[in-house]
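Model the full assembly from the supplied sequences, consistent with the hints where possible.
Same order as they appear, the protein sequences are chains W and S. Numbering follows the working numbering, with no gaps: position 152 of the first sequence is 152. Numbering follows the working numbering, with no gaps: position 242 of the second sequence is 242.
Among these hints, one or two may not hold up.
Far from chain W, some chain S residues (derived; all Cβ distances over 12 Å) [as the list claims (entries may be wrong)]:
hint, residue
1, 9
2, 106
3, 133
4, 214
5, 232
6, 239
7, 251
8, 257
Stretch-level coverage of chain W by chain S, calculated; a stretch enters the list once three of its residues show a Cβ under 8 Å from a Cβ in chain S [stated by the list, open to error]:
hint, segment
9, 61 to 75
10, 87 to 95
In short, the hints are calculated from the structure, not lab data. Even glycine gets a Cβ: it sits at the ideal position worked out from N, Cα and C.
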Amino acid sequence: MSQPLLEIKNVKKHYQVKSKNIFSTQKNNVHAVNDVSLTINEGETYGLVGESGCGKSTLARVITGLIKPDSGRVFIDGEDFLQLKGKSLRDKRRTVQMVFQKPYESLNPKMTIGEIIRAPFDIHNVYHKREREEKVKELLDLVGLSEKYMSRYPHEFSGGQRQRIGIARAIALHPKLIICDEAVSALDVSIQAQVLNLLDELQKEFKLTYLFISHDLSVVRHVSDNIGIMYLGEIVETGDADTIYSSPKHPYTEALLSAIPKAHPKQVKTQKILEGDLPSPINPPEGCKLNTRCPHVMSICKTKPNLESIKEKQKVACYLYNDQR
Amino acid sequence: MFKKLLQNKQFIFSTILLLPVFIVALIGQFITPYDPLEFNHNQVLIKSSSEHLLGTDEFGRDILSRLIVGIQPTILVAIGATAISLVGGTIFGVIAGYARGIAEKTVMRFMDIVLCFPPILLALLVVGFWGSGVNNLMLIIGLLYIPYFARITHSATLQVKSLEYVESELSLGATHFRVILKSILPNITSPIIVQASLTFAATILLESGLSFLGLGVTPPAPSWGQMIGDASGYIHNNPFYVIWPSLCLGVTMLAINLLGDSLRDVLDPKLKR
Numbered sequence: 001m002s003q004p005l006l007e008i009k010n011v012k013k014h015y016q017v018k019s020k021n022i023f024s025t026q027k028n029n030v031h032a033v034n035d036v037s038l039t040i041n042e043g044e045t046y047g048l049v050g051e052s053g054c055g056k057s058t059l060a061r062v063i064t065g066l067i068k069p070d071s072g073r074v075f076i077d078g079e080d081f082l083q084l085k086g087k088s089l090r091d092k093r094r095t096v097q098m099v100f101q102k103p104y105e106s107l108n109p110k111m112t113i114g115e116i117i118r119a120p121f122d123i124h125n126v127y128h129k130r131e132r133e134e135k136v137k138e139l140l141d142l143v144g145l146s147e148k149y150m151s152r153y154p155h156e157f158s159g160g161q162r163q164r165i166g167i168a169r170a171i172a173l174h175p176k177l178i179i180c181d182e183a184v185s186a187l188d189v190s191i192q193a194q195v196l197n198l199l200d201e202l203q204k205e206f207k208l209t210y211l212f213i214s215h216d217l218s219v220v221r222h223v224s225d226n227i228g229i230m231y232l233g234e235i236v237e238t239g240d241a242d243t244i245y246s247s248p249k250h251p252y253t254e255a256l257l258s259a260i261p262k263a264h265p266k267q268v269k270t271q272k273i274l275e276g277d278l279p280s281p282i283n284p285p286e287g288c289k290l291n292t293r294c295p296h297v298m299s300i301c302k303t304k305p306n307l308e309s310i311k312e313k314q315k316v317a318c319y320l321y322n323d324q325r
Numbered sequence: 001m002f003k004k005l006l007q008n009k010q011f012i013f014s015t016i017l018l019l020p021v022f023i024v025a026l027i028g029q030f031i032t033p034y035d036p037l038e039f040n041h042n043q044v045l046i047k048s049s050s051e052h053l054l055g056t057d058e059f060g061r062d063i064l065s066r067l068i069v070g071i072q073p074t075i076l077v078a079i080g081a082t083a084i085s086l087v088g089g090t091i092f093g094v095i096a097g098y099a100r101g102i103a104e105k106t107v108m109r110f111m112d113i114v115l116c117f118p119p120i121l122l123a124l125l126v127v128g129f130w131g132s133g134v135n136n137l138m139l140i141i142g143l144l145y146i147p148y149f150a151r152i153t154h155s156a157t158l159q160v161k162s163l164e165y166v167e168s169e170l171s172l173g174a175t176h177f178r179v180i181l182k183s184i185l186p187n188i189t190s191p192i193i194v195q196a197s198l199t200f201a202a203t204i205l206l207e208s209g210l211s212f213l214g215l216g217v218t219p220p221a222p223s224w225g226q227m228i229g230d231a232s233g234y235i236h237n238n239p240f241y242v243i244w245p246s247l248c249l250g251v252t253m254l255a256i257n258l259l260g261d262s263l264r265d266v267l268d269p270k271l272k273r
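So this is what it looks like as structure tokens:
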């Protein structure tokens, strides 16, 4: 087993929302990320799946240091990322990079492609001025773009090309961990495949670790070694990708996976549909967050289940598989 | 961008109107047919003639010469005031929008307070205390228009700051200074330029208004507003005396506003609707 590169322990992030009327101000908390722990080993791809609004992107931003969590710790390479300050924080940032969701928003429209990819070098002041140009050309070549694009502006490129530019910027400083926050969701299926293949090649070449965030289950299955399923700010099931896809345990995972479209019309589709809507994250249900919609709900579900191992490579937070009851 | 501007008829029309104004403002002193300050008591309030193209004023000074020289202080005040308010307002607005929290609330509420007063009233008050003159006018009018820029840049900064390319710079470890300089400022120039052209027109009007009331450029040096003010007393003797400076001011204002509109259409198409 390889070394853990990223360890997140009990990360919590609540946002305060105020609802005002004439007489009083009510303060409520949106539980964006609620007590999430996960470990990503070096060289693997960890897929994080969940509905929109379940806190995946907030978690990603906590890991990159863009958002400070209310509590919890983030260890990168064994070092507590959240305790770092000043220069050591800047240096540590080089090990974690992010590929963003919206290709039309993640590149500064007033900068040329050359400037965008050079930005990491400028910020961290690595290489000499002339060397930087050379490095940018190398990076463009790596992601399959011609070096003559250097002086062009982002609006001249398609979504797939922009995402390649975003990837080039992310790998510029030779990071160890790359967070792909819905990196391919905005692209056409054929372009998705190209970008995924590119990510795969880069992983082999630079021994990268990916945290792959997506709501597209088939994409996640294709790329991930391990996956985690998030529901309302919590991880409900995690483990080896194949194990989870072949035998999902948590009722939410079951419902989620049964929703993947089948490729062949003769394959019998037994969809498990959860009743009701996603509860508001402002006032989430007590205990297991799924207890408002779960078909197997029991009285004990009013208390929070822990994420416990049920097999060697599978952990589930559900009393159905838990001896605590 | 320039191509688009050159295709815009409104832009070309307003530029053609404005160009002579700026050229005359620049070289005015050298092309006046008469000394704009020279009294001539034999030719008081005469109408247009071959000798005095636009007639003379109550002291027999050549109106055309005074109009030509009178552009300069107006334009100077307008440029200076616009520059002061642009720089000041942008600094305040960007800092407020970027830092959020207490800084934002303090700055923006203060701007709201300044906006509560009609500019001409505040300007009157301040000129009353400090006295008039080109430099004072520039400073006062400039300070008065800071809130307009602060508001515009504040909202534009809020919008840009939430975009992913700002996040990407921050996650790379860029300093806030770099983020503001490279990611925020270049992406909020369009509304700033549009606001600058509108402010330019407004400052000309304000300067003229103050001069009209006798609180602007110190006589005997002429400015358009002051000429209108002086001429209004002689409207029955020589109506053309008041018409010429008013016409100049009106056409200039029209041209600048048209320029602002065309700039907005080209640079900020979202605002059009």
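Going through the hints against the structure:
At roughly 26 Å from the closest C-beta of chain W, the C-beta of residue 9 (chain S) stays outside 12 Å, upholding its exclusion from the interface. Every Cβ of chain W is farther than 12 Å from the Cβ of residue 106 (chain S); the closest lies at roughly 20 Å, confirming the non-interface assignment. Every C-beta of chain W lies more than 12 Å from that of residue 133 (chain S), the closest at about 40 Å, which supports listing it as non-interface. Under the 12 Å C-beta cut-off, the non-interface status given to residue 214 (chain S) relative to chain W holds; the minimum distance is some 47 Å.
The non-interface label for residue 232 (chain S) is consistent with chain W: the shortest C-beta to C-beta separation is roughly 49 Å, beyond 12 Å. The Cβ of residue 239 (chain S) lies farther than 12 Å from every Cβ of chain W, with a closest approach of about 53 Å, so its non-interface assignment holds. Taking the minimum C-beta to C-beta distance to chain W, about 36 Å, the non-interface status of residue 251 (chain S) holds against the 12 Å cut. Every Cβ of chain W is farther than 12 Å from the Cβ of residue 257 (chain S); the closest lies at roughly 28 Å, confirming the non-interface assignment.
Restraint check on the segment 61 to 75 of chain W versus chain S: 4 residues with Cβ-Cβ distances below 8 Å, three needed, restraint holds. Restraint check on the segment 87 to 95 of chain W versus chain S: 4 residues with Cβ-Cβ distances below 8 Å, three needed, restraint holds.
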